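Residue-level listing of the chains:
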Amino acid sequence: GAVVSQHPSWVICKSGTSVKIECRSLDFQATTMFWYRQFPKQSLMLMATSNEGSKATYEQGVEKDKFLINHASLTLSTLTVTSAHPEDSSFYICSAGGMTSGTGELFFGEGSRLTVL
Amino acid sequence: LAKTTQPISMDSYEGQEVNITCSHNNIATNDYITWYQQFPSQGPRFIIQGYKTKVTNEVASLFIPADRKSSTLSLPRVSLSDTAVYYCLVGEGNYGQNFVFGPGTRLSVLP
Chain A
1138 GAVVSQHPSW
1148 VICKSGTSVK
1158 IECRSLDFQA
1168 TTMFWYRQFP
1178 KQSLMLMATS
1188 NEGSKATYEQ
1198 GVEKDKFLIN
1208 HASLTLSTLT
1218 VTSAHPEDSS
1228 FYICSAGGMT
1238 SGTGELFFGE
1248 GSRLTVL
Chain B
3 LAKTTQPISM
13 DSYEGQEVNI
23 TCSHNNIATN
33 DYITWYQQFP
43 SQGPRFIIQG
53 YKTKVTNEVA
63 SLFIPADRKS
73 STLSLPRVSL
83 SDTAVYYCLV
93 GEGNYGQNFV
103 FGPGTRLSVL
113 P
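These protein sequences, in sequence, are chains A and B. Counting in my numbering, the first sequence runs from 1138 upward without gaps. Counting in my numbering, the second sequence runs from 3 upward without gaps.
Simulated from the structure, these hints should not be mistaken for laboratory data. Hints should not be assumed to be uniformly reliable.
[As the list claims (entries may be wrong)] For lysine to any residue, the following SDA-like pairs were computed, each having C-alpha atoms within a straight-line distance of at most 20 angstroms: (1) A:K1178 / B:M12; (2) B:K5 / A:S1180; (3) B:K5 / A:Q1179.
[Stated by the list, open to error] The following residues of chain A were derived to be distant from chain B, with all beta-carbon distances above 12 angstroms: (4) I1149; (5) K1151; (6) S1155; (7) Q1175; (8) M1182; (9) D1202; (10) L1205; (11) A1209; (12) S1210; (13) T1212; (14) T1217; (15) T1219; (16) E1224; (17) L1243; (18) S1249.
[Claimed, not checked] Covered by chain A, per the in silico footprint, the following chain B stretches (three or more residues, Cβ under 8 angstroms): (19) 37–47; (20) 101–113.
Nothing here was measured: the structure is a model prediction, and the numbers come from that model. Ideal placement from N, C-alpha and C gives every residue a C-beta, glycine not left out.
Construct the entire structure; sequences and hints are all you get.
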């Protein structure tokens, strides 16, 4: 099946720094990618929808200036957590659906665990 | 987007068949039903997808009644490694639609 890869799988940073997480679709073109956040023992919460070549659409309550999303190509979307704080520590997951995903199956990345000290 | 309801948790023993039912009363005509499995610290993994009746693959079966207001994921002969959270998602299935995750069902398989 299609593969979506995230990098890094885990990152530790100091409070106030910015962290970039990459999401790549390895064997298909993803016109749309989604970013989720998951806290321990909780479900995935959609943060934003990333569309290739256009601005991302953010869910209510998600600060677009804090969580910068760029989808510059059909195979890459990036999420940058700016001025990270301890409350931003979470598991971030991307998913992609695209021209070859047929019936709308979403393919998920492995996730990126962010720890802000 | 159709809302889904699943049991929060289930326990089973190795070798048993496990059936997880999901309710989606306001499913739309164009919606598909998709189940995902998630292990701790990993992204969700696709299990099975269906529109109506029964779908079977190498890991699971999906039963969907005629009214499509519910669906049942059936895992035959579970093992300890099937301990995970299982999510039922309902969506139109086009490229641009996101899925809204409910709390899922936490399945614990005991020896």
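Quick rundown of the hints versus the structure:
no. : hint            : verdict
1   : A:K1178 / B:M12 : 15 angstroms, holds
2   : B:K5 / A:S1180  : 14 angstroms, holds
3   : B:K5 / A:Q1179  : 17 angstroms, holds
4   : I1149           : 15 angstroms, holds
5   : K1151           : 22 angstroms, holds
6   : S1155           : 23 angstroms, holds
7   : Q1175           : 9 angstroms, violated
8   : M1182           : 7 angstroms, violated
9   : D1202           : 21 angstroms, holds
10  : L1205           : 19 angstroms, holds
11  : A1209           : 18 angstroms, holds
12  : S1210           : 16 angstroms, holds
13  : T1212           : 14 angstroms, holds
14  : T1217           : 19 angstroms, holds
15  : T1219           : 23 angstroms, holds
16  : E1224           : 19 angstroms, holds
17  : L1243           : 6 angstroms, violated
18  : S1249           : 10 angstroms, violated
19  : 37–47           : holds (count 6)
20  : 101–113         : holds (count 6)
Of the hints listed earlier, those the structure fails to meet are numbers 7, 8, 17 and 18, in rising order.
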